[in-house]
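J.: Okay, here's what each chain looks like letter by letter:
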Amino acid sequence: MKRIEGISKLTGRERYVDDLPLEGFLWGATVRSPAARGRIKAIHFGTDIDWSQFVIVDHRDIPGPNEVAMIERDMPILAASEVRHAHEAILCLAHPDRHELRRAVASVRVEIEPEEPYLDFVAEPTQSQIQYGSDNVFKHIAVNKGDVEQALAEADVIIEGVYETGAQEHVYIEPQGMVAWEDDAGVLRLTGSLQCPYYVLNALMHGLNRTAEQVRVIQASTGGAFGGKEDYPSIIGLHTALLTLKAGCPVKMIYDRGEDLAATTKRHPSHIRHRTGFARDGRLLAQDIDIRLDAGAYVTLSPVVLSRCVIHAAGPYQCANVRINGQAVMTNRVPFGAFRGFGAPQSHFANERHMDAAARQLGIGPAELRRINLIRDGQQTATGQVINDGTDRVGLLDDALSRADYGRLREAHRAFNASNPYRRRGIGIATFHHGAGFTGSGEVDLASVVNVAGLADGRVEVQVANTEMGQGALTVLTQIAAARLGYDTNDIVIAPADTALVPNSGPTVASRTAMVVGFLIEQACDDLQAGVMQAAACDQRPVGAHLKQAIQIVVSQTEDHQPIIGSATYGKPPDVHWDEATYTGSAYGTYAWAAYVASVEVDLRTFVTTVTDFVAVQEIGTVLNEGLARGQIEGGVVQAIGWALSEECLWDEQGGMSNAQLTNYIIPTSCDVPLNIDVGFVENPYAYGAQGAKGIGELPMDGPAAAVLNAIADATGVNPTVVPMTPERLMELLVPNE
Amino acid sequence: MSDQTAHGTVPIACSINGRAYSLDVQVNERLLDVLRYRLGLTGTKEGCGEGECGACTVLLDGLPVNSCLVPAYQVDGRSVETVEGTDEQWAAHLHEHGTTQCGACTPGVVMTARWLDDTNPEDLSVREALAGNLCRCTGYRGICEGIKATLKARQQSSNEEGNP
Numbered sequence: 024m025k026r027i028e029g030i031s032k033l034t035g036r037e038r039y040v041d042d043l044p045l046e047g048f049l050w051g052a053t054v055r056s057p058a059a060r061g062r063i064k065a066i067h068f069g070t071d072i073d074w075s076q077f078v079i080v081d082h083r084d085i086p087g088p089n090e091v092a093m094i095e096r097d098m099p100i101l102a103a104s105e106v107r108h109a110h111e112a113i114l115c116l117a118h119p120d121r122h123e124l125r126r127a128v129a130s131v132r133v134e135i136e137p138e139e140p141y142l143d144f145v146a147e148p149t150q151s152q153i154q155y156g157s158d159n160v161f162k163h164i165a166v167n168k169g170d171v172e173q174a175l176a177e178a179d180v181i182i183e184g185v186y187e188t189g190a191q192e193h194v195y196i197e198p199q200g201m202v203a204w205e206d207d208a209g210v211l212r213l214t215g216s217l218q219c220p221y222y223v224l225n226a227l228m229h230g231l232n233r234t235a236e237q238v239r240v241i242q243a244s245t246g247g248a249f250g251g252k253e254d255y256p257s258i259i260g261l262h263t264a265l266l267t268l269k270a271g272c273p274v275k276m277i278y279d280r281g282e283d284l285a286a287t288t289k290r291h292p293s294h295i296r297h298r299t300g301f302a303r304d305g306r307l308l309a310q311d312i313d314i315r316l317d318a319g320a321y322v323t324l325s326p327v328v329l330s331r332c333v334i335h336a337a338g339p340y341q342c343a344n345v346r347i348n349g350q351a352v353m354t355n356r357v358p359f360g361a362f363r364g365f366g367a368p369q370s371h372f373a374n375e376r377h378m379d380a381a382a383r384q385l386g387i388g389p390a391e392l393r394r395i396n397l398i399r400d401g402q403q404t405a406t407g408q409v410i411n412d413g414t415d416r417v418g419l420l421d422d423a424l425s426r427a428d429y430g431r432l433r434e435a436h437r438a439f440n441a442s443n444p445y446r447r448r449g450i451g452i453a454t455f456h457h458g459a460g461f462t463g464s465g466e467v468d469l470a471s472v473v474n475v476a477g478l479a480d481g482r483v484e485v486q487v488a489n490t491e492m493g494q495g496a497l498t499v500l501t502q503i504a505a506a507r508l509g510y511d512t513n514d515i516v517i518a519p520a521d522t523a524l525v526p527n528s529g530p531t532v533a534s535r536t537a538m539v540v541g542f543l544i545e546q547a548c549d550d551l552q553a554g555v556m557q558a559a560a561c562d563q564r565p566v567g568a569h570l571k572q573a574i575q576i577v578v579s580q581t582e583d584h585q586p587i588i589g590s591a592t593y594g595k596p597p598d599v600h601w602d603e604a605t606y607t608g609s610a611y612g613t614y615a616w617a618a619y620v621a622s623v624e625v626d627l628r629t630f631v632t633t634v635t636d637f638v639a640v641q642e643i644g645t646v647l648n649e650g651l652a653r654g655q656i657e658g659g660v661v662q663a664i665g666w667a668l669s670e671e672c673l674w675d676e677q678g679g680m681s682n683a684q685l686t687n688y689i690i691p692t693s694c695d696v697p698l699n700i701d702v703g704f705v706e707n708p709y710a711y712g713a714q715g716a717k718g719i720g721e722l723p724m725d726g727p728a729a730a731v732l733n734a735i736a737d738a739t740g741v742n743p744t745v746v747p748m749t750p751e752r753l754m755e756l757l758v759p760n761e
Numbered sequence: 461m462s463d464q465t466a467h468g469t470v471p472i473a474c475s476i477n478g479r480a481y482s483l484d485v486q487v488n489e490r491l492l493d494v495l496r497y498r499l500g501l502t503g504t505k506e507g508c509g510e511g512e513c514g515a516c517t518v519l520l521d522g523l524p525v526n527s528c529l530v531p532a533y534q535v536d537g538r539s540v541e542t543v544e545g546t547d548e549q550w551a552a553h554l555h556e557h558g559t560t561q562c563g564a565c566t567p568g569v570v571m572t573a574r575w576l577d578d579t580n581p582e583d584l585s586v587r588e589a590l591a592g593n594l595c596r597c598t599g600y601r602g603i604c605e606g607i608k609a610t611l612k613a614r615q616q617s618s619n620e621e622g623n624p
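Taken in order, these protein sequences are the chains called S and X. Residue numbers for the first sequence follow my numbering, beginning at 24 and rising by one. Residue numbers for the second sequence follow my numbering, beginning at 461 and rising by one.
It should be emphasised that the hints constitute simulated quantities derived from the structure, not laboratory data. Note that beta-carbon positions come from the ideal geometry of N, C-alpha and C, so glycine has one too. Some hints here could point you the wrong way.
Derived coverage of chain S by chain X (criterion: at least 3 residues anywhere in the stretch with Cβ under 8 Å from a Cβ of chain X; other residues may be distant) [unchecked claim]:
#1 30-39
#2 237-250
#3 344-354
#4 697-710
With a straight-line cut-off of 35 Å between C-alpha atoms, the simulated DSBU-like cross-links for lysine-lysine are [claimed, not checked]:
#5 S:K595 / X:K608
#6 S:K64 / S:K595
#7 S:K269 / S:K595
#8 X:K608 / S:K25
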């Protein structure tokens, strides 16, 4: 099935938030902190502006607590007395004219009494830099399995390494944007570019001191998100809402790219140390892993990002002795938040680079070292979760190697390198996994609800809060419902993601939509069929045309022709047990597994790395829609190649992003990436996913950086340990004395 | 006012998607804003406002330009084509190849593709032509294949029309 909204997007008819018709509105804008950390001494309004024409909102205009409700409530909606990062929001302004608004923002001078910022998250903070507890670490997570110290003492070889990754910006092509207005009934409505309507609803209820009935959040078509529209829309949503309430008219706030790059969340920078004990034959005996994530100035989603980072840190391998210590540390940078992969890309980068470095030191081929250690059915992960899914993980790797023609290419590259004066070719591998759905008890805590409604005309409406942001949710959820009911896909309607119309089926994150929400849709469809069967006194469960007809009859017999509803609420699969206190058990209901192979060419004159070929083989349960799934993998691989090679946030002395422009924050273009990514799917249906599907969206972000840097190592003989491996960094490795 | 030079209007006459317009535009107004906020042609998107991402690509006298970098007064006497003026056959063809995901870059991509179709430059590949249209979703394979297939199909149908 083709993408449902494809034609609408290709013709330009699709309406994103800035495209929606709106009359009599003001534009909104934000005044931000110039400093990394300090007390707000004074706010000076420039005399070149007629301020009577402006609506001005500060922290005193907030009806509820000055807190953005997320996991914690530490982040203010608008800074009141102190700032903790450059570009932190202090005031919001609104005016009918966008040019005047820009002039006004520029004319406000915020005077800050500076305090010493903590910007280098790897270094121990000095006394004056401490802002949380005794060391700025606000979340510790530990995994302990077996006896690491004894196993290290007995290991034949101990291999150590330190790996670092930088911040990555989402660069959804449509920047953040919101429109707010109050309707005639006094309900505050907010529509915008967002992933999780109920997250925004909760933040509005808390900050505006309103009930759920007094607020309504509606997703507009969303031009890319990648996690960047998971937590941040709560902030811009609150700002827009506050302006609307004060102005008494609709307000539209659309970030320009510079503001979006500078002020919104990014992928957490990481510093990961591995100390690993191996037997001479390559068996993993002990993994000792320390993880430190830069969380930025506020907690946002960092505890959960750290959790996923820790759980994936030991990789898809069997090892009896594992110790992982994870820390999320509060700094004075922009808060880091959700981004596709959610901690796992950092972990897998470190672990897969480390496996390659180990293979070289052990004198064992990188593929062979992985074959020896890949987890087999019946073996346990670092958290003691027994894997028993029947997936042939070694076979997956061998499939990827065979598709890449790995053995022949390695030889060919050696010959090429020996004969070429300045070009070096290499090939690299990564094997990895990604836990599907929320971590640990997350899905149980969410208790997602899905409804399906049989309508008067017999069509069925799927009511979920999950959103289309380019990944294909509308299409796949339609397919799932249609298949379950025996319906034509044209007779399935997906309700708008509007909190007044759909139940809370949980956020559109964590690769959970097709798998978890899709599975609930199947159960809700079953419930609908059972309800129709009873109401229409059918002999057997109605499907297809019979069901459609039966729904028409049942609905026509009710008062007001109310739809007949089928419903489902999340229930934990029986074998999933997780202990949050000890970090043991089933961290995820299931995992997707993957083996990626990258080929690169490095130019020793320019130090530019080009990815020439890429093979991505994965087991993701059932493939629901091959075209969309392939698009997810290709797009994820390319986004990860950007992270690996070119995407780098540079910081000024106040900790703000100094390259907040697409001119010098470099994402891949069509000429920077291979267009021949060989995507392979191995199917192994999962019992608790829709039609057997597992999560897919994040997986392709996890492996490419390691595969690409492993290929650079193979090509050049150096040991690159930092992402992004820009030409400048590679030059320093290749010509260290110059 | 500190930036009085940025005020004042200029009368222009131009053609947009084949229709004649007479407008008074601000001297500091961008073509992108005229299209989106005055004429309601919201298919053209703003992705960066600095000519890097190509989401706002339109054809100006047949050439692809970033409409965020074109002052509207420069369009006087000229012709603009946007995604809204594009034959729906384009969408139908591109739809077959996973050319769009989130859709934010898509209208700009379509306009670059139309320019390729109009000019058929021999020394430029589809991939090179698209280097000015950033996409964050697809990985570009779907876009390039979709455009190649569409160009081929359009060539075939125009050949058939030419040889009845």
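J.: Please go over all the hints and tell whether each is borne out by the structure.
T.: Going down the list of hints, with the structure as the test:
Restraint check on the stretch 30-39 of chain S versus chain X: 10 residues with Cβ-Cβ distances below 8 Å, three needed, restraint holds. Chain X is given as covering the stretch 237-250 of chain S, and this holds because 6 residues of the stretch bring a CB closer than 8 Å to a CB of that chain, at least three being needed. Coverage of the stretch 344-354 of chain S by chain X is violated in this model, with 0 residues showing a Cβ closer than 8 Å to a Cβ of that chain against a need of three. Residues of the stretch 697-710 of chain S lying with their CB closer than 8 Å to a CB of chain X number 3, which satisfies the three-residue condition for coverage.
At most 35 Å may separate the alpha-carbon atoms for a hinted pair to count; K595 of chain S and K608 of chain X exceed this at roughly 47 Å. With a C-alpha separation of about 52 Å, the suggested pair K64 of chain S and K595 of chain S falls outside the 35 Å cut-off, and the hint is violated. Using a Cα cut-off of 35 Å, the hinted pair K269 of chain S and K595 of chain S is violated, with the two alpha carbons roughly 45 Å apart. Our distance criterion of 35 Å between C-alpha atoms is met by K608 of chain X and K25 of chain S, whose separation comes to about 19 Å.
The structure fails to meet hints 3, 5, 6 and 7 from the earlier list, while all remaining hints are met.
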